[in-house]
Amino acid sequence: MPDKDPQQRAERSSSMSMTGPQAGLGTEEVAKLAQLARLGDKGEELEQLTADLQTLTTQMTPLEQVDTQGLAPLVNPWEENSQTLRDDQVTESDESTQLLTCAPACDQALFLVPRVIE
Amino acid sequence: MHTGDLHESSLAQLSRRLRARELSCVELTQTLLDRIRSLDAGINSFITLCPEQALEQARAADRLIERQEGGVLTGIPLAHKDIFCTRGIRTSCASRMLDNFIAPYESTVTARLREAGAINLGKLNMDEFAMGSSNETSFYGPVRNPWDRRRIPGGSSGGSAAAVAARLVPGATGSDTGGSIRQPAALCGVTGLKPTYGRVSRWGMIAFASSMDQAGILARSAEDVALLLGAMAGFDERDATCANRAVPDYLAQLERPLAGLRIGLPKEYFQSAMDAGIAEEVQKALDEYSKLGALVQDISLPHTRYVGTVYSLLASAEASSNLARFDGAHFGYRCKDPQGLEDMYKRSRCEGFGRQVKSRILLGTYALSARNYTSVCLQAQKVRRLILNDFLKVFAEVDLIMTPTIPVPARFLDRSAGPMSPCGDDPFTPAVNLAGLPALSLPVGQVTRLPAGLQLIAPHFHEERLLNAAHQFQKVTDWHRESPPVQQGNGRSAL
Chain A
16 MPDKDPQQRA ERSSSMSMTG PQAGLGTEEV AKLAQLARLG DKGEELEQLT
66 ADLQTLTTQM TPLEQVDTQG LAPLVNPWEE NSQTLRDDQV TESDESTQLL
116 TCAPACDQAL FLVPRVIE
Chain B
1480 MHTGDLHESS LAQLSRRLRA RELSCVELTQ TLLDRIRSLD AGINSFITLC
1530 PEQALEQARA ADRLIERQEG GVLTGIPLAH KDIFCTRGIR TSCASRMLDN
1580 FIAPYESTVT ARLREAGAIN LGKLNMDEFA MGSSNETSFY GPVRNPWDRR
1630 RIPGGSSGGS AAAVAARLVP GATGSDTGGS IRQPAALCGV TGLKPTYGRV
1680 SRWGMIAFAS SMDQAGILAR SAEDVALLLG AMAGFDERDA TCANRAVPDY
1730 LAQLERPLAG LRIGLPKEYF QSAMDAGIAE EVQKALDEYS KLGALVQDIS
1780 LPHTRYVGTV YSLLASAEAS SNLARFDGAH FGYRCKDPQG LEDMYKRSRC
1830 EGFGRQVKSR ILLGTYALSA RNYTSVCLQA QKVRRLILND FLKVFAEVDL
1880 IMTPTIPVPA RFLDRSAGPM SPCGDDPFTP AVNLAGLPAL SLPVGQVTRL
1930 PAGLQLIAPH FHEERLLNAA HQFQKVTDWH RESPPVQQGN GRSAL
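Heads up: the protein sequence lines correspond to chains A and B, in order.
Adding 15 to a residue's 1-based position in the first sequence gives its number in the working numbering.
Adding 1479 to a residue's 1-based position in the second sequence gives its number in the working numbering.
Among these hints, one or two may not hold up.
[As the list claims (entries may be wrong)] Pairs of lysine-lysine residues, derived as BS3-like cross-links and limited to a Cα-Cα distance of at most 27 Å, are as follows: (1) B/K1861 with B/K1872; (2) B/K1861 with B/K1746; (3) B/K1815 with A/K57; (4) B/K1770 with B/K1746; (5) A/K47 with B/K1815; (6) B/K1746 with B/K1872.
[Claimed, not checked] Only part of the chain B face toward chain A is listed, based on derived beta-carbon distances under 10 Å: (7) P1583; (8) H1809; (9) Q1860; (10) V1873; (11) F1874; (12) T1927.
[Unchecked claim] FRET-style restraints, in silico, Cβ to Cβ: (13) B/E1716 with A/R130: 51 to 59 Å; (14) B/E1716 with A/L86: 28 to 36 Å; (15) A/V90 with B/E1535: 12 to 20 Å; (16) B/R1928 with A/V90: 38 to 46 Å; (17) B/A1725 with A/R101: 18 to 26 Å.
Hints were generated in silico from the structure; no laboratory data involved.
Every residue gets a Cβ at the ideal spot worked out from N, C-alpha and C, and that includes glycine.
Let the hints inform the model, and build the full structure from the sequences given.
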């Protein structure tokens, strides 16, 4: 018997097809993600992260077939307050000296990093 | 002055005793510092203890009280989750990445509590970057549940919950992105409030998932939570998500009778596998509410089945973006002898972050990548709207929603466990964060000497309704007064 409710139909379909966020997450894909996120690219760690990511994604309920037509994405849960503006005034003093004390390496007003241009 | 039972006093009782000068702030602070030193080695709830600063604050508070100045929080010792920046005191977020980070500024929450006269005893343990619900991901070792030290206290505010439960502090701050206040409150038998998104400033609270993070409170009772919320809540121009709305007098509304209060029980939260003991304790609590005059009815939140996935994807996506700032260049951990800029970024992040954090960053990077953004991230945000709409519809019919906070008692610690699902240990709590609602967990019973919690959910900006309902329950029951057995510590101490 066909489902009358499109939502119900979509859910049935998605639960049977097993498609979802987990599709296509092999070591190669995870290596690419790790590069984008500037995280580990060593063999053993990459294998562990691939396994972790596969575990996480296979626990998920597929979303792609939920009927969301006409719905705007919800970014801020209290939308009444989503566009707070304030006057364009300087409110903080220059705290660069204090902030630089947190840096792993600095010289006067500069953050020091390894040489970029040879 | 007899100080032997001070730790058993509630925050409200301590406030009265301090102002009546039956007790000095220095005596109270010293008593709790001694208790922490004696007991916390076996619980590991503190990452950093601040005895000198605390005693200095206590002496200043005594001088104020002597002049009959100050307010209800003057001289009250608290401790803060190590996610709140505190000027001059290390803020680690329980990560190797920030093991050496001393913030040059103070978070709004800790500043407001300090201005209200509260004393900071130290910084509390948590899951690394608040990612976890068991407190097993901390760089400083797991927190142990004071009710049974072989078990988790919950997380990520596990240090806050354990410290309050063990009577080391009368109240503590926490943060809640997917249940991180309510779930540990339930597992440790304390009262925990996650306010409405926007009710409390997040300025200076290290970001995890910016559209869900909210600062909140863990304490013994709803009355104590109300006292603290009054000092913490309110507009802060430095946080663009903070609501510019008046803060009600939460204490004044605690005594309203509950006759006629409409309580909704979402069927989706009572259908899944639930521990029989927890189910029984929750039912008894609901019966108590009926006796208080509340009207209990069944409701439905039909998109509940998508909550876990939507939360996992969106929280991870936001975390991936927020944690991009940790690059080894500006602050925090830098690897040794970097061979170029790229190597510095990668090794600093790889060595500085723990496994759970890295897994979530990768999941978030996956959701945000160009190939998946529309089908995964944008779709999750649309389903998030359906989840919010479920709540808005139901709140036209009921005043409060009640559910178990977590369907099982505290599980055993297992550090060898693999990656944890972002909401694996707290399936009933993340929907509230997706919808930005306020919610509270209170202890309502025990299952083999392990606490059981009831979750109360209210419409946006109705914290007073949660506190009122919890307070009325606590007036006719004693679960919030139950203390775990005292054991001298013999585990790893982080102090």
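So, going through the hints one by one against the coordinates:
no.: 1; hint: B/K1861 with B/K1872; verdict: 17 Å, holds
no.: 2; hint: B/K1861 with B/K1746; verdict: 23 Å, holds
no.: 3; hint: B/K1815 with A/K57; verdict: 17 Å, holds
no.: 4; hint: B/K1770 with B/K1746; verdict: 22 Å, holds
no.: 5; hint: A/K47 with B/K1815; verdict: 25 Å, holds
no.: 6; hint: B/K1746 with B/K1872; verdict: 15 Å, holds
no.: 7; hint: P1583; verdict: 4 Å, holds
no.: 8; hint: H1809; verdict: 6 Å, holds
no.: 9; hint: Q1860; verdict: 3 Å, holds
no.: 10; hint: V1873; verdict: 16 Å, violated
no.: 11; hint: F1874; verdict: 14 Å, violated
no.: 12; hint: T1927; verdict: 28 Å, violated
no.: 13; hint: B/E1716 with A/R130: 51 to 59 Å; verdict: 41 Å, violated
no.: 14; hint: B/E1716 with A/L86: 28 to 36 Å; verdict: 32 Å, holds
no.: 15; hint: A/V90 with B/E1535: 12 to 20 Å; verdict: 44 Å, violated
no.: 16; hint: B/R1928 with A/V90: 38 to 46 Å; verdict: 44 Å, holds
no.: 17; hint: B/A1725 with A/R101: 18 to 26 Å; verdict: 19 Å, holds
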